[in-house]
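Peer 1: These protein sequences, in sequence, are chains A and B. Going by my numbering, 369 is the number at position 369 of the first sequence; the sequence numbering is gapless. Position in the second sequence (from 1) plus 1000 gives the number in my numbering.
For the record, the hints were derived by calculation from the structure and aren't laboratory data. Careful: at least some of the hints might be erroneous.
[As the list claims (entries may be wrong)] Stretches of chain B that chain A covers, calculated by requiring three or more beta carbons in the stretch to come under 8 Å of a beta carbon on chain A:
1) 1065 to 1073
2) 1136 to 1147
3) 1485 to 1495
[As the list claims (entries may be wrong)] Just some of the chain B residues that point at chain A, by a computed CB distance under 7 Å:
4) G1150
5) G1156
6) V1158
7) T1162
8) M1169
9) F1184
10) L1429
[As the list claims (entries may be wrong)] Taking lysine-lysine pairs in the DSBU-like style, the calculated list, with each CA pair at most 30 Å apart, reads:
11) B/K1065 to B/K1193
12) B/K1453 to B/K1371
13) B/K1187 to A/K425
14) B/K1204 to B/K1484
15) A/K425 to B/K1193
16) B/K1163 to B/K1065
17) B/K1453 to B/K1187
18) A/K425 to B/K1371
19) B/K1193 to B/K1070
20) B/K1301 to B/K1163
21) A/K425 to B/K1204
22) B/K1453 to B/K1032
Ideal placement from N, C-alpha and C gives every residue a C-beta, glycine not left out.
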Amino acid sequence: MNADSLVGPPISWFDLTPLLILLGAALVLLVVGALTPRWPRGLYAGLTATAAGATMVMGFVLWDDVTDQGARTLVGGAIVLDAFSMFATIAIAVAVLLATLVTDDYLRRERMDGPEVYALYLTAAVGGVTMAMANDLIVLFLGLEVLSISFYVLAASHRRRLESQEAGIKYFVLGGFSSAFFLYGIALIYGATGHTRYDDIVAAITDVVPTERNDALVLAGVALLLIGLAFKVSAVPFHFWTPDVYQGAPTPVTAFMASAGKVGAFTAMLRVLTQALPNWRDDWRPVIWVIAVATLVVGSILAVVQNNVKRMLAYSSISHAGFILVGVEAAGHTAGEADPGQGISSALLYLLLYSVLVLGTFAIVTVVGRTGDSETDIGAFRGLGRNRPALALGMTVLLLAQAGVPFTSGFIAKFGVIKAAVDEKSIAIAVIAMLASVIAAFLYLRIMISMWITEPEAGDDARERVRLPVSTTIAIVLAVGFTLFVGVAPGWIISAAEHATMIGDGASGLLQP
Amino acid sequence: MSYPILTSLVVVPAVGALAVALLSQRRPEWIKLVAILSSVFTGALTVWLLSTFESADGGFQFVSKHAWIKPWGISWHLGVDGISLFLVVLTGVLFPLVIVGTDPHHDHKRYLAWLLLLEAGMMGSFLSLDLFLFFIFFEIVLVPMYFLIGGWGYEGRVYAATKFFLYTMVGSAFMLVGIVATAFLAKSNGVGKLTFDLVELAEKADFATSTGRWLFFAIAIAFAIKVPMFPLHTWLPDAHTQAPTGGSVILAGVMLKLGTYGLLRFGVFLFPEAARWGRPIFLTLAVIGIIYGAIAATMQKDLKRLVAYSSVAHLGFIVLGIFAFTSQAITGATMQMINHGLSTGALFLLVGMIYERRHTRQISELKGLQKVAPIFAAAFMIVMLSSIGVPGLNGFVGEYLILIGSFLTARWWTVVAATGVILAALYMLWAYQRVFHGEPDEANRSFPELRAKEAAVLLPFIGLIVFTGVYPKPMLDRIEPSVKALISHVSEHTGYEEPSIPEPIDVDAHDTPAGGTAAEAEAQP
Chain A
1 MNADSLVGPP
11 ISWFDLTPLL
21 ILLGAALVLL
31 VVGALTPRWP
41 RGLYAGLTAT
51 AAGATMVMGF
61 VLWDDVTDQG
71 ARTLVGGAIV
81 LDAFSMFATI
91 AIAVAVLLAT
101 LVTDDYLRRE
111 RMDGPEVYAL
121 YLTAAVGGVT
131 MAMANDLIVL
141 FLGLEVLSIS
151 FYVLAASHRR
161 RLESQEAGIK
171 YFVLGGFSSA
181 FFLYGIALIY
191 GATGHTRYDD
201 IVAAITDVVP
211 TERNDALVLA
221 GVALLLIGLA
231 FKVSAVPFHF
241 WTPDVYQGAP
251 TPVTAFMASA
261 GKVGAFTAML
271 RVLTQALPNW
281 RDDWRPVIWV
291 IAVATLVVGS
301 ILAVVQNNVK
311 RMLAYSSISH
321 AGFILVGVEA
331 AGHTAGEADP
341 GQGISSALLY
351 LLLYSVLVLG
361 TFAIVTVVGR
371 TGDSETDIGA
381 FRGLGRNRPA
391 LALGMTVLLL
401 AQAGVPFTSG
411 FIAKFGVIKA
421 AVDEKSIAIA
431 VIAMLASVIA
441 AFLYLRIMIS
451 MWITEPEAGD
461 DARERVRLPV
471 STTIAIVLAV
481 GFTLFVGVAP
491 GWIISAAEHA
501 TMIGDGASGL
511 LQP
Chain B
1001 MSYPILTSLV
1011 VVPAVGALAV
1021 ALLSQRRPEW
1031 IKLVAILSSV
1041 FTGALTVWLL
1051 STFESADGGF
1061 QFVSKHAWIK
1071 PWGISWHLGV
1081 DGISLFLVVL
1091 TGVLFPLVIV
1101 GTDPHHDHKR
1111 YLAWLLLLEA
1121 GMMGSFLSLD
1131 LFLFFIFFEI
1141 VLVPMYFLIG
1151 GWGYEGRVYA
1161 ATKFFLYTMV
1171 GSAFMLVGIV
1181 ATAFLAKSNG
1191 VGKLTFDLVE
1201 LAEKADFATS
1211 TGRWLFFAIA
1221 IAFAIKVPMF
1231 PLHTWLPDAH
1241 TQAPTGGSVI
1251 LAGVMLKLGT
1261 YGLLRFGVFL
1271 FPEAARWGRP
1281 IFLTLAVIGI
1291 IYGAIAATMQ
1301 KDLKRLVAYS
1311 SVAHLGFIVL
1321 GIFAFTSQAI
1331 TGATMQMINH
1341 GLSTGALFLL
1351 VGMIYERRHT
1361 RQISELKGLQ
1371 KVAPIFAAAF
1381 MIVMLSSIGV
1391 PGLNGFVGEY
1401 LILIGSFLTA
1411 RWWTVVAATG
1421 VILAALYMLW
1431 AYQRVFHGEP
1441 DEANRSFPEL
1451 RAKEAAVLLP
1461 FIGLIVFTGV
1471 YPKPMLDRIE
1481 PSVKALISHV
1491 SEHTGYEEPS
1501 IPEPIDVDAH
1511 DTPAGGTAAE
1521 AEAQP
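Let the hints inform the model, and build the full structure from the sequences given.
Peer 2: Set out below in structure tokens:
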């Protein structure tokens, strides 16, 4: 390392605008919000939504820029601006936007309106975007920690609910543990290759004579990195925190974690595996295969036996993570080759579509949960078809989409992943994934049965009426509309995902034998 | 461009469903009117389709093809031939009758909206010529049927609806992977690009023998569940018994045909070699289904369950006909799909009427109905005889063609299957005897006679049953060219030669064997 590296690298501020907008809005909320008296109703949410919208716009602008000028690394190669990272940025901004719409009503219902939750959404988004853009294991770790710490606090943000506190603590302890694994993994990879930048890690291998390569060190590092990332995406067997945290956290926060958190962690996983570690793809791909199958099967089966809707959806989100891992596994077949295959784009598409789905679903769970998130048992949905038919219909659409029924975005997502897997001749995992989705369908049917078919019970009328505030309604309508629209006309979003390529795609990063 | 009639067949009921869903609950008469109008209009379109259909043409007609999901090579590709034509017409005719003739008792609006959505899905399934498009319609019909059984069914409806949904989805899981694998493998085996187009795949794809067999079985298992073939049939008695009358009629009338139709269109047509190879399995299961269904039907105490098991037996005949690979048998099978839809659909309507009057389906609680309701009994008798396959009614023509055609290529299977005809007479007549003969007891003495509205709904069924029984020629004329085209497609790809039959039929068309390659394919195990 020479002395030049101590001089700050040139920074192209414009290329960083998505991060800067999110960070700036978070700081404004925290600083100005703390120094001024309570803002008028809806203003905290308004600022957050505006920031999310602006991030989205900048995401499109920069994507366009990347298409014209080509992908590039920023800040001395620590982060990278490419179509892939902009796709992830847009997905995260969508998650922030929809979660904010739901949170506004939620916080007022729970009498805890304030800037903190929004600021944490924005910092978590900063973390997520950083993870997607990271081109250096250290930067990736920074993003991961920013995302995680925001989530720990968010999970515990309902100060009067014990479950929320418990969720926060549980997530914090387990999350800290996984971060340690992750960091150790970085250290081992650095030890073996002498680099933390993705492209340097690939290049370092070619410098070393193969017989002297310290494969054991690298493989241990890869394993530890995978543990850290698998924890974040709640893949089996690192999923134990998910049901408790999803159940305990305030429902809009759960929605946000299930969407933005997954996008950040999965995009990081995709980039690390295919850009930094393509030369070990034959080592990590079988691991992903096993994790994917375990995640699909365990997530689906355990989802079915739950009685709490938030817990059900937590397990279902595990099962969906399994589906995305199928896409990651498919990407593993061609990692580092000039043609990246369809694994990455199918996983990206799944992430975006699932994010919107899960946000819409949890938005409905939020309103059905009534004050204090007290009604989250499956019985809370009883009679919804009779009392609130439009809401029940929206929920039905979202649940059918999660089950992968055609004419919904969920089917397009599943089809894309299955297609990618079959194209790489991973037939077995494709069949397992489809069968797991049949098991999981039973869970969605149970909620639908409760809404439409189960007879009302004594005491149902005494329950608090389900209120449907305006901004939550907007979020639900947007989510349901998007779900159906993509189901009928998916061409544009599929080709968008296919164009969301990473930097260096087209040039082989593989170790040439 | 001519009027896109096939697209309208899908769109009209879908728009009707949307309109019904948007109308206010407080205007039930408007809701009913919109539902009837859109289904009748669809029915009228199918009749118009029937009248303009070119009967001598064995290929696909009224084809409409537009790119849909370009990045994946998926198109909105609809077309109709002699095999699907009558299923489409049956769908178009059955739905208005069900909408007029059945009463859901509660939540009319949702019931009608689901029915119309189901109609759109069924039409789409029968008309799709794109594997992806077919799959999504095949899958989407589950949703309305699930809600129809679950929302308006009888005591065990939740269990039955869930079982129905999950069973079919398991099949779909294999089929989806099978379809995707077909498209991808075809890309590198003769087709040259990614496409889900059925015709293109069937014409150009050239799979390795074992690959083709795997793909065939992945896709066929979904259809085997849908038919349902023994031993995958256990969802059917539950779903049929618990479904509301309208649901049962649609389920038996057209939905089960998705399985047999799918086997023909996406099994035999797409994978001729594999279908030829898998023939013994399908024939054996079909024959087991015939005998098993008949015996199980004999033992039923519940009239609706009896009809459900009789469906298992009847569909066994259809599968037997399909896998006999002769033009008579496949023509008979295609015709029998319609016959079964008419006779079993009408039987379910009649059983539904009995339930409306007596609030029971137990055979033991019914007695002597012929004395108090002779017209009702007569209607039941005609429909039942058609189901048994008595000459002069439609069931005979189909069953006869299947048996005669199968005897040539699957002799011993056919011999066993023929006993199923006798068993059918046994369970049907025995049930009729117990329900309608004898002196009515106290509970059955006030059994009301057939009402005018009920008669109006049953009349089209009985009319069609008698008409096709007496004069099946117009129907056979339209089915046969397409079946011949299918058989020659199979011959082209496998070197299979249809055995000559003791009837003056155009044998010359099959005189040219496909040559050495085909013989090799045949020789491989």
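Peer 1: Next step is simple, just say for each hint if it's right about the structure.
Peer 2: Evaluated hints:
no.	hint	in the structure
1	1065 to 1073	holds (count 5)
2	1136 to 1147	holds (count 8)
3	1485 to 1495	violated (count 0)
4	G1150	holds (5 Å)
5	G1156	violated (12 Å)
6	V1158	holds (6 Å)
7	T1162	holds (6 Å)
8	M1169	holds (4 Å)
9	F1184	holds (5 Å)
10	L1429	violated (38 Å)
11	B/K1065 to B/K1193	holds (17 Å)
12	B/K1453 to B/K1371	holds (21 Å)
13	B/K1187 to A/K425	holds (13 Å)
14	B/K1204 to B/K1484	holds (20 Å)
15	A/K425 to B/K1193	holds (17 Å)
16	B/K1163 to B/K1065	violated (36 Å)
17	B/K1453 to B/K1187	violated (55 Å)
18	A/K425 to B/K1371	violated (67 Å)
19	B/K1193 to B/K1070	holds (12 Å)
20	B/K1301 to B/K1163	holds (22 Å)
21	A/K425 to B/K1204	holds (21 Å)
22	B/K1453 to B/K1032	holds (16 Å)
Against the hints set out earlier in the document, violations occur for numbers 3, 5, 10, 16, 17, 18.
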